[in-house]
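Top to bottom, those sequences are chains A and B.
Heads up, the first sequence is in the numbering used here, so the first residue is 4 and it goes up one at a time.
Heads up, the second sequence is in the numbering used here, so the first residue is 1311 and it goes up one at a time.
Don't read these hints as lab results, they were simulated from the structure.
A portion of the hints provided could be inaccurate.
[Unchecked claim] Among the chain A residues that face chain B by a calculated CB cut under 7 Å, a handful are: (1) Cys255; (2) Ser257; (3) Val261.
Every residue, glycine too, gets a C-beta built ideally from N, C-alpha and C.
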Amino acid sequence: MIIIGERINGMFRDIAKAIREKDPKPVQEWARKQEEAGAGYLDINVGPAVSDRVSAMKWLVEVTQEASKIPLCLDSTDYDAIEAGLEVCKEPAMINSVPAIPDKMDRVFTMAAKFNAEVIGLAMGEEGIPKDAESRVALAMELVANCDAYGIPIDSLYIDPLALPCNVGQAHGPEVFETLRQIKLLSDPPPKTAIGLSNISQGTKEREIINRTFAAMCIACGLDAAVADACDEELVATIATARVLMNLDIFCDSYAEVYRTRNL
Amino acid sequence: MAVDILKEKYRGQVREVVLGATKDEGGTRSHTIKVGGEKALPFLHFEGEIPNRPVVAMEIWDMVPDEWPESLKEYFKDVYNDPGAWAKKCVDEYGADMVAVRFKSADPDLNDTSADECAATLKKVLEAVSVPLIVYGCGKAEKDNTIMGPIGEAGAGENLLLGVAEQENYKSVASAAMANKHSVIAQSPIDINIAKQLNILIAEMSTPLLDRIVIDPTIAALGYGIEYCYSIMERARFGALQGDKMLAMPMIGNICHEVWSKKEAYLPADEEPGWGDQAERSPAWEAVTAMALLQGGINLLIMRHPEAVKMVKNNIDDLMKDNSY
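Looking at chain A on its own, in the form it has when it is part of the complex:
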């Protein structure tokens, strides 16, 4: 499983301040730190408080790329901001995200085809997040069909089954695992899967252990990527261990270290 490092996000105070003051230092520090800790992508999110998202995204992308060479995952509901970011990305990036809603898919997949970008597609439609796995898989199929129609390779699409905090949406847990399994049967090659890992523990007091356990369980169901805290060493070790137990990586005594340093 690939970690999409979640830390460059305007929701965090230090990043919001950095964006406001155009101070690249905190952004670049987090870029380096997450890369060294084992992130495969860096999520870039300008956050809710910014007035000009387009120029903020462009700036964040530019300063992040000065510090790290790993690919970026541009995270916004403002597609103009994402497009501005894609224009300055040196390497092909990931778009985070698009729901299975026709006009939004049209906008995002057109953009992805133009910039050779990967896409995270959310298993939700006009009516919001479905209750069960069947409806999530049906929406995933719509994303797969649209992705294909725009000529984007299916393995560039990451379907997010959408996890809800376990203290409010406990019944969604098993549905998420089932969705992860079924998505791999949708096409050949199948789409990939991604998840916003920390969502599962929002509002709880035991966030870390919940995140780590959820990661291991999702990997057992075939999860390919997660937006997560790359600097949580125990989480990274859990992911590395789950990958070995699923026979995805070849074991050796230093397997956790190998997982952390594979991009370096």
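Guided by the hints, dock chain B onto chain A, whose structure is given.
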């Protein structure tokens, strides 16, 4: 409707290791030899680039190999007492791409040859041939640890391929390689996990060595568990192609060491009449062992019998013909 042919796509590749060093690079070899670099499973040229052909090295000893069968010794009878001439014969007459020098006589139970004498022998071989060299100790770790330093020094700058580093004993060979710019054979006992871990241990001593490691996964002769070795090699190759950089080193197989200790190779026909003429049977046993392991992804073969070398080189010629479409 056009048929869309499915091809496997890999994101990783085998590391390319350069052996030997020319004058410009601080050595005296006439050329260097590259091994590895492939981006697909063995010889599937249609799925990815196979940039370098597998290499055949012939083994020589620093003493008369009494234990070799007569039918094999026959080919080298005029040069046994002169490792330089022996090496030259392998290259000039028998077409060896490289020469592997085994310092067998250093064995404390044989001649217990000193490190200085080994170093002097190496220099003679370096003068006699211009191909890159592979160097093995006597196989007894305690003694090998004392000769590898001086041997590495005697060949300083030549980018020798030094063998062997093992999990419990890798520091002397790795240090000799670090100090004098050589490459290292990392040997593991038919165990993919140890193969990977050993590479990590060597890299912890010196990161640049990562691009100078050749894995010896330990091979077996035909009929003696070759399928286990094959599946380990296959697993390592899948790992490399899927992006496991710690298993992405080229691989070497000491074919002759395994084959010639087996009765199918060394017994003469009068002892086993049903097995047929030894002159034909023995090299065939060595060649078929090598050919099977070529399919498993081996990059460097160490062999003895000139006829077997000829067969295997012909086989490599065929396998390297482009089959892409």
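The hints, checked one at a time:
1. Annotation: A:Cys255 was flagged as interfacial toward chain B, and the flag holds, the nearest CB pair being 4 Å apart, inside 7 Å.
2. Residue-level restraint check for A:Ser257 holds (minimum Cβ-Cβ distance to chain B is 5 Å; threshold 7 Å).
3. A least Cβ separation of about 5 Å between A:Val261 and chain B falls short of the 7 Å threshold, and the interface hint therefore holds.
The structure shown violates none of the earlier numbered hints.
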